[in-house]
Amino acid sequence: MKNSGISICRSAAGMSALCLVITFMACSPGIVTPLYQDAEFTKVPVAESVYLMPVIDLRVDKSKNLRLDDNAFKHLSPAFEKKGFRPLRVVKDRKLVESMMEDDFTQPDSSYLATLGPAEARWLFYPLLHDFKSKLTFGSTANAEISGYIIDKKRGRIVWRHKGIGQAGQGGLIGMAMKGMVGEEAVNSALHSLAAAIPKNADPAGRGNAKK
Amino acid sequence: MKNWIYLIFLLAGPGICAQAPVASGKIPFQVPRDSSVLLLPVFLQYEDIYTDNPLDPAKHKGRESGKIFDSLAIQNLTQAGIRAFMADPADSLQGSLIAAGKNLLRPVTPAALRTSIAEVARNARCRYVLACSFRVKVGPGGYWDPNSGAIGSNASYARFHVSLLDPYTTDGKPCWTQDVELRKLPQPDSKRFSEAVQLLFQLLK
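Just so you know, the sequences run in chain order A and B. Sequential numbering of the first sequence, starting at 1, is according to the working numbering. Sequential numbering of the second sequence, starting at 1001, is according to the working numbering.
These aren't lab readings, by the way, just hints derived from the structure by calculation. Bear in mind that the values here come from a model prediction, so they are computed numbers and not experimental data. Here a beta-carbon is modelled for each residue, glycine too, at the ideal position from N, C-alpha and C. Among the hints, erroneous ones may be present.
To be verified - With a straight-line cut-off of 27 Å between C-alpha atoms, the simulated DSSO-like cross-links for lysine-lysine are:
#, chain 1, residue 1, chain 2, residue 2
1, B, Lys1067, A, Lys62
2, B, Lys1173, B, Lys1205
3, B, Lys1184, A, Lys64
4, A, Lys83, A, Lys200
5, A, Lys62, B, Lys1173
What the hints assert, rightly or not - To be clear about the criterion: a stretch of chain A counts as covered by chain B if any three or more of its residues have a C-beta under 8 Å from a C-beta of chain B, and this derived list gives those stretches:
#, segment
6, 66 to 74
7, 130 to 139
To be verified - Which chain B residues stay away from chain A? Per the calculated CB distances, all over 12 Å, these:
#, residue
8, Pro1021
9, Lys1067
10, Asp1070
11, Thr1078
12, Ser1092
13, Pro1107
14, Cys1126
15, Asp1166
16, Tyr1168
17, Thr1170
18, Gln1187
19, Glu1195
20, Gln1198
Construct the complete structure from the given sequences, taking the supplied hints into account.
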């Protein structure tokens, strides 16, 4: 009788431990593989700051102000620091991106890439907002599609590319009242998935050099 | 009962309106009455929304959509009083221009293409060349989770683009462009599709 009680306790404890392990595995952040990554980018340590450029807005309907530049900085800067990069340097001059199109990244010209951004910068991060749509039904929904490109100006090459898709929504009257929040959640979710694929800096000691 | 119907329309109305196509440009362009336009067959791009990898248009009624787009484009231009002719892919000159596809839709036409645009326009006795594209991003559909009340709307969308190219401009910029967005996968026989094409050419007079 005593033995069966012990065995029940053991199996219950075993099951609990198994559940814990499964929960931990499910909650731990997985390794996200970017859509493209230059082989050398992961080997060469990045000692300089990466410059975060203003978001290139590719929407057809640009009427809704999404405070994208602030949101991008809020999500991307901690992600870069966590991966061993120096804090992002923000470029606020929207004139630098006004005439840029998606084709500048999908059909890149190395001589053109080398001229982008501030003169002193080597690494540039360009976020592109392809799409954002919020919809009010019996509830509210929103979709956001954001991609990011890291450019090495010195070599005139795109060294990293990834994309984040955000889908959010809440049904019912409460959802209808939350339309603004739902839109923000979709953008944040897209930026979060974009940030998750930022690679580790090859030599985080680059930060140490920077402090000197 | 009437109140319920009113409430349903009130709640669903904005959602239905959100599906209507939206145009980006508001500037009209007047094609001179003695000029004609050579319309190139639409350039189709179907892509996966997550990776931007190309998808087979045939799996999403792409070919039918392309054919219907071209016929609707000619119809809309003719209704606006514009003399428009469809380019012939079998013609060697026009065929090479059609093959240039996406490059014709760039904000500035590459210099190498400008001479062939001028040559094609001259041979076809047309003043302008009209290049069109539609790009479809195929993404996840809508969802409803009855446990949490979370809902999501369809992420697929289509963007129609048109550039009116003047072979005699020096800067290589199109003389008129328009973009229209449709918030769903284009169904060639749907009313929304023809509305989107109509909206695309509405400001070309």
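Verification of the supplied hints:
no.	hint	verdict
1	B/Lys1067 with A/Lys62	violated, 30 Å
2	B/Lys1173 with B/Lys1205	holds, 20 Å
3	B/Lys1184 with A/Lys64	holds, 20 Å
4	A/Lys83 with A/Lys200	holds, 5 Å
5	A/Lys62 with B/Lys1173	holds, 22 Å
6	66 to 74	violated (count 0)
7	130 to 139	holds (count 8)
8	Pro1021	violated, 9 Å
9	Lys1067	holds, 24 Å
10	Asp1070	holds, 22 Å
11	Thr1078	holds, 26 Å
12	Ser1092	holds, 26 Å
13	Pro1107	violated, 6 Å
14	Cys1126	holds, 26 Å
15	Asp1166	holds, 20 Å
16	Tyr1168	holds, 23 Å
17	Thr1170	holds, 18 Å
18	Gln1187	holds, 19 Å
19	Glu1195	holds, 15 Å
20	Gln1198	holds, 16 Å
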